[in-house]
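> Chains as they are written, first to last, in this note's numbering: chain A, 1 to 303; chain B, 1001 to 1303.
Hints were generated in silico from the structure; no laboratory data involved. Ideal Cβ positions, reconstructed from N, Cα and C, are used throughout, including at glycine. Only true hints are included.
Pulled a few chain A residues facing chain B out of the computed Cβ check, cut under 8 Å:
| id | residue |
| --- | --- |
| 1 | I14 |
| 2 | S83 |
| 3 | I112 |
Number of protein chains: 2
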Amino acid sequence: MPTEQEILETIRKIIPNSKNYLFDDAAIIEKNLIVTTDTLVENTHFTLKTYTPEEIGWKALAVNLSDIAAMGGKPLYALVSLSLPKHIKIKWIERFYKELVTCAKRYKTKIIGGNLAKSREINITITVIGKAVVKTPRRGVSTRSNAKSGDLVFTTGTFGDAAAQNYKTKTLPQIELGQKIVRACFKHPPALMDASDGLADCLIQIAKQSNVKIIIDRDKIPISQNTKKAVEMLNKELLNLALYGGEDYQLVGTASRIDCKKLENLKGIKIIGKVIKGNGAFLKQNNNKLVKLDLQKTYEHFK
Amino acid sequence: MPTEQEILETIRKIIPNSKNYLFDDAAIIEKNLIVTTDTLVENTHFTLKTYTPEEIGWKALAVNLSDIAAMGGKPLYALVSLSLPKHIKIKWIERFYKELVTCAKRYKTKIIGGNLAKSREINITITVIGKAVVKTPRRGVSTRSNAKSGDLVFTTGTFGDAAAQNYKTKTLPQIELGQKIVRACFKHPPALMDASDGLADCLIQIAKQSNVKIIIDRDKIPISQNTKKAVEMLNKELLNLALYGGEDYQLVGTASRIDCKKLENLKGIKIIGKVIKGNGAFLKQNNNKLVKLDLQKTYEHFK
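Please construct the entire structure, taking both the sequences and the accompanying hints into account.
Following this line, the structure appears as structure tokens:
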């Protein structure tokens, strides 16, 4: 089977002007509208045994809203496409949809359409349309490519929580904080991304697409007390969870030192590293040695 | 298993203000933007044995563009969400995408994003964003509900072709004609719909949502010479194919008599009936008797 990377490269070669799109959490179209789409598939992202209809309903929308948050946007509309197998009961659909609507209301998003189809496994594809709250100076260009040498690296929230709780945490898109971030940095748009695939993935992607080197401090990675406790109990490697666990749906970004002063005053934001000339994303250990972050390896493999 | 109608009714009860949306081919949002989404599922809409990657790629986008045509819109952007099983080869994806891009270019649509996921069967959900070419006087309100007593019923193209060719016809969204129709009827927006589920379905839906009675003349239903010949050969019931076959992706609508004079001058448009007070959609036979159109029955069952 081709890897996701191979498929993406194939597709990008075929699509005209794909460098303007297809490299970010969401695409920016005219009138400062932001569009994003994400899919949950049964047996890939969830099973009916491990997740309630409510958990699936909330998450299906929330992961899309997180992509809007990563653009500093305000969500407006959602379209919900459901492919359902024969055995699904109306009660399941009702419970799924009620929680999805609860999530939509929480983030002031209107459900304006969708599609129903028959399938052998559940497939939920949601598209969300939002609005940039700050006029984007570079329309259609990836915010992942905005990191500059001299910037600092910041994050919202804590990392490793989803993995420590076996991915049963509720996805809480950082909509309000995302908007505050882009407003604080309105002169120089920040690099910004949501950590759906983990903190390390964010840092590697931003470094790659901005052509810079990123170094974060091991001790500054925000990890919650609960996760520290859970991991002690489970005897798992804490740093691996925080770096590679994924599904925390926090925001990771870089901004100028001046803007980061403003960001530090926002609740939940922490400065964890810096951007310099070079390539790649690195973890600075307590002994000051740099360890390259690599998605193929977890921390313990290259320690 | 719950029927599609039961599922839709359940969903509509849960979603706030669903009467403003969810009853049309596409939703109209601010700035006259039109959004629509549609899904093709393996084993439901196609199999890898019966359809080439090119046929699936073209159709996946074209059925969405047809929904934009049904709003008289101009397509702008598309997001392509692909769920793919392990066994799919990169060559298949390449062929699928190349033809999808050919369709996108033909209808001047930019592909600006999407999603990739793993699944057990292929699921292709595409969202298209377009623009209304005539400012819609009633934003967010179904154009299926625009039919008024006194209107005439018109169609584009011919019906029954897809069914007569075992649904292997190429879907050609009536984008240009859709725009011409709404421009010709700019004072009084027409009822308009695409005949993805067949001519009878369109007439029933428009009658229901506009609270009117629709009568079409049996002899005026446009049927191509090729389909007439094919059906003779296959010994199928011609009228059933034209009314219930579906997948012709032509447009069906109603407009005032004055506007219909203008529409008749457009190539491919034919007047096939009228709108009066009452309820339901009817076929006027050669003996002047009216037969009610019913999706539960094909023509031969109630003749």
